[in-house]
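Throw the hints in and build the complete structure from the sequences for me.
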Amino acid sequence: MKNIKSGDLLFAVFFFLISAILISQFPDQIKWFKKTKLTSQPALWSAIGLIGMTVFGLIHLFLNLRIQNLKIELDEGILWIKSIEYACWFLLYVILVPNIGYLIATLIIAPCLTYRVGYRDKKMITYSLVTGLSIVLIFKTFLEVKIPGGAIYELLPNTIRSFMILNF
Amino acid sequence: MDILFSAFEILLRWDVIIALLIGSVGGVIIGAVPGVGPAVAIAIVLPATFSLEPIVGLTLLLGIYGSAMYGGSIPAILINTPGTPVNALTTYDGYPMTKRGEGRRALSLAYSASFFGGVFSIICLIFFSPVLAYIAPMFGSREIFLAALLGIILVITAHKGQMFAAAMMASLGIFVQTVGMEPIKYTKRYTFDQSWLASGLNLIVVVLGLFAISQAILLLAQEDKRAKAVKLSGGLFQGLKELGKHKRVASVAASFGVIMGMIPGVGEFTSQFFSYTYAQRSSKNPDQFGKGSPEGLVASETANNAVPAAAMIPLLALGIPGEALTAMMLSVFYIHNVNPGPNLFQNHLDFVIALYISLLILNVLVLVFLLFSTNSLLKVIQIPSRFLGMTILILSFVGVYSLRNSFTDCAVAAACGIFGFILRRLDLPIVPIILGMVLGEIMEGKLRTSMMSVKTPVDFINRPIAFILFVIIILIILLQIRTLWKNFKTK
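Protein sequences, first through last, are from chains W and S. Just so we're aligned, residue 9 is where the first sequence starts under my numbering, counting upward by one. Just so we're aligned, residue 157 is where the second sequence starts under my numbering, counting upward by one.
By construction, these hints were calculated from the structure, which means they are not laboratory data. Warning: the hint list may mix true and false statements.
List time: in silico EDC-like cross-link candidates among lysine to aspartate or glutamate, alpha-carbon distance up to 20 Å [stated by the list, open to error]:
1. S/381 x W/81
2. S/401 x S/443
3. S/535 x S/380
4. W/45 x S/379
5. W/45 x S/209
6. W/13 x S/443
7. W/90 x S/597
8. S/447 x S/258
9. W/131 x S/258
10. W/13 x W/81
11. S/344 x S/583
12. W/130 x S/380
13. S/384 x S/209
14. S/440 x S/398
15. W/45 x S/258
16. W/42 x S/379
17. S/255 x S/443
18. S/341 x W/36
19. W/13 x W/83
20. S/341 x S/597
21. W/13 x W/84
22. S/316 x S/583
23. W/39 x S/597
24. W/13 x S/379
25. W/39 x S/443
26. S/387 x S/258
27. W/90 x S/398
28. S/397 x S/583
29. W/39 x S/615
30. S/344 x W/84
31. W/90 x S/338
32. S/447 x S/398
33. S/401 x S/615
34. W/154 x S/209
35. W/43 x S/338
Here it is in C-alpha cells:
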C-alpha cells in the first residue's frame, strides 16, 4: 500500500463524485437497443468503464479516508489550481501561433515563460531564445510538420510571404 | 535467408539510417536528462512521424525507446537521480560505487550490461520469430480479446500497493475511449450534445497531455533543481571485460527481461525485481547489494534493456501493446493503415526482422556513442528543471497542434496535462489510463466480432489458446484475491 499523501483524499473524493455524476447520466447519454445482444450494445463498454471507475473509486476513497492535516490537504488543492496557469500559458501559445506565426510566437513565449519561472539573468533568457529558435527550425523548417503560417505573414511582400509560411 | 536479405533491403535506405542515428543519439540524451524520459519524448515526436513511412517512423521511435535507458543510467549512477523511471534500481548500487570513487567503473559496467541485455533479447527474438509466425495465426478474435483482457489485468496487478488506483485509472481509460460516435449503430456516447466530442478523444492528444504537458507543469511548478557538475577521467572500456565475470547474472537477467517483456503489462520493473532478487540470492556477497555491488548493477541494467525488443512481440504479433510506449507506437501503424497482428508475422516477416535488426544496430551505435561521449553528456544532466519544463511545454505544442491544427485538441491536452500533473503529485499511476484506452477499444471490437460465431459461453474458450488464456486469467484473479485476503487478515 502506498503511503497516503496530502491531496489523496481530495482527489479520491473528486474522482468518485465525477464517476457518480457520469454514471447518473447513463440513461440520457447512451441508447439501449431492444432485441440486441448484450455484447453488441453500444452501452456495454461505457458501462464497464463507468462501473469500474465508481466501484474502484469508492474503494480508493475508503482506503484514503484519513485527513492528517486539513490545511496541508487544502494547500495541495491550491497548488493544483495554480497549475492551471501553466496550462493557460500553453493555450496562449496556441492562440498566438495562427495569428503572429510559429517563429514569433515561440520567440515571445519561451523567454517570457523563462522569466516568469524565475530566471532573470540574460544568459537564461538567451538560452530560451536559442532553444525556441532551434525547435522551430527542427520541426517546421526541417521536419515540415503541419503548422500553418501566421495571419501576420499576409502583411509581408509576396516574395518573403511564401518563404515565411513554408519555413517559419 | 531470403527474409533476412529482404529485411536488409528495407533497412538500407538513407532515411532509415538517419532515423536510426537521430533516434539512438537523441534517445540517449533524452534518457540522460532527469525529468524527460522516453514516454515524454515519444509523445512529442509521434505526430511528426506520421508523415514518414512506417519503417522510418518506427525506427525513430524504437531508437528513442531502446536507447533512453542507456542514457538514464548516467544520472542514476553519478547523481543518484534516475534519468528514466526504470533506472531507479540502478541508483541502489551505481551511486554507492560513485561515492567510493568508482563512478567510471559503474558507468562502464552499466553500458556493457545494457548492451548485453539489448543484444541478447534481439538475438533471442530473431530466432524466435519463425515460431511466432507459426503461433500468431492461431489467435482469432476471441484469443485477442482474452489476451487484451489479460493485459489489462496484468497492468493492474503489476501496480503493487496501488492496485485499486490502477484499476480505477484503467476503467477511466476504457470509459474515455467509448466517448463519441460508436461505429456499429452510429449512436453518440457521452457527448453531452457537444459537437467536438462526437469524434471522441484522440489517443495522441490524451497521451501528450498526460505524459508531456503534465511533466512540463510538474517541472515548472516545483522548486528549481540543478545537478552539480560531475567530472570523469579515463576511458570506459573496462566494463566490457568486467561483464565477463558476471556472465551468469547477466544471462539470467537478460532472460527475465525477454520473458517479462513479452507479457503485456509486466515489463521492466518486474524483470528487474526478479533479476535483482536472483542476483542477490545467488551472490557470494549478498550483503553488498544496495551498497555498491557490481552484480546488482549488472542485474538491473541487463534486465531493463532486454525488455524493449521483447515488448514489441505482443504489439507486432497480436496488435496488443503491453505498455504506454508500445501503445503510442501502435498509432504509427494505424495512421498508415497497417494492422499489426497475426498477418504481419505471416505476410511481412521481413518487416519484423528489419525492425529487430535496426534495434541490434541501434545498440551498437549507442554503446559506441556512450563510450566516446559520456563526458560531453554530463552537461545535459545540469539543465535546470524549470528551464526543462519550459522546453517540454514548447515542444508539446508541436505534438498536439500539428495533428489537426485544432485549438480543441490543445485545450483537451492542457486539461489532461493538469489531470496528469495531479496524478504525478500523488504518485498515482498514469499508464493504466492509456492502456485502458487502447486495450478497451481492442476488447470492444474483438468481443463483438467473436460473439458472432459463439452460441454458448463455453464455445468462447473451446479453442486451445483461448482456453489457456482463460485459465491464466482465472488463476491470476484468484491469486490476487488470495493475496488481498491475506493482507486484510494480517492488518
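Structure-based check of all given hints:
1. S/381 x W/81: Not OK: residue 381 of chain S and residue 81 of chain W at ~24 Å, beyond 20 Å, violated.
2. S/401 x S/443: Holds: residue 401 of chain S and residue 443 of chain S sit about 19 Å apart, inside 20 Å.
3. S/535 x S/380: Since the Cα atoms of residue 535 of chain S and residue 380 of chain S sit roughly 17 Å apart, the hinted pair holds (cutoff 20 Å).
4. W/45 x S/379: The hint is violated at about 55 Å.
5. W/45 x S/209: violated (41 Å)
6. W/13 x S/443: violated (32 Å)
7. W/90 x S/597: violated (34 Å)
8. S/447 x S/258: holds (12 Å)
9. W/131 x S/258: violated (34 Å)
10. W/13 x W/81: holds (9 Å)
11. S/344 x S/583: violated (34 Å)
12. W/130 x S/380: Holds, because 18 Å separates the two Cα atoms, which is no more than 20 Å.
13. S/384 x S/209: It is violated: about 42 Å lies between the C-alpha atoms, which goes past 20 Å.
14. S/440 x S/398: Between residue 440 of chain S and residue 398 of chain S the Cα gap is close to 17 Å, so the pair holds against 20 Å.
15. W/45 x S/258: Not OK: residue 45 of chain W and residue 258 of chain S at ~66 Å, beyond 20 Å, violated.
16. W/42 x S/379: Violated, at about 57 Å.
17. S/255 x S/443: Answer holds: residue 255 of chain S to residue 443 of chain S is near 18 Å, not above 20 Å.
18. S/341 x W/36: holds (17 Å)
19. W/13 x W/83: holds (12 Å)
20. S/341 x S/597: Measuring from Cα to Cα gives roughly 16 Å; hence the hint holds.
21. W/13 x W/84: holds (10 Å)
22. S/316 x S/583: holds (13 Å)
23. W/39 x S/597: holds (19 Å)
24. W/13 x S/379: Holds - the C-alpha atoms of residue 379 of chain S and residue 13 of chain W are around 18 Å apart, at most 20 Å.
25. W/39 x S/443: At roughly 62 Å apart (the allowed maximum being 20 Å), residue 443 of chain S and residue 39 of chain W break the hint.
26. S/387 x S/258: holds (12 Å)
27. W/90 x S/398: violated (51 Å)
28. S/397 x S/583: Cα-Cα ~39 Å, so violated.
29. W/39 x S/615: Measuring from Cα to Cα gives roughly 29 Å; hence the hint is violated.
30. S/344 x W/84: violated (37 Å)
31. W/90 x S/338: Roughly 36 Å separates the two Cα atoms, so the pair is violated.
32. S/447 x S/398: holds (19 Å)
33. S/401 x S/615: violated (53 Å)
34. W/154 x S/209: holds (16 Å)
35. W/43 x S/338: It holds: about 18 Å lies between the C-alpha atoms, which stays within 20 Å.
In the structure shown, a violation is registered for the earlier hints numbered 1, 4, 5, 6, 7, 9, 11, 13, 15, 16, 25, 27, 28, 29, 30, 31, 33, in ascending order.
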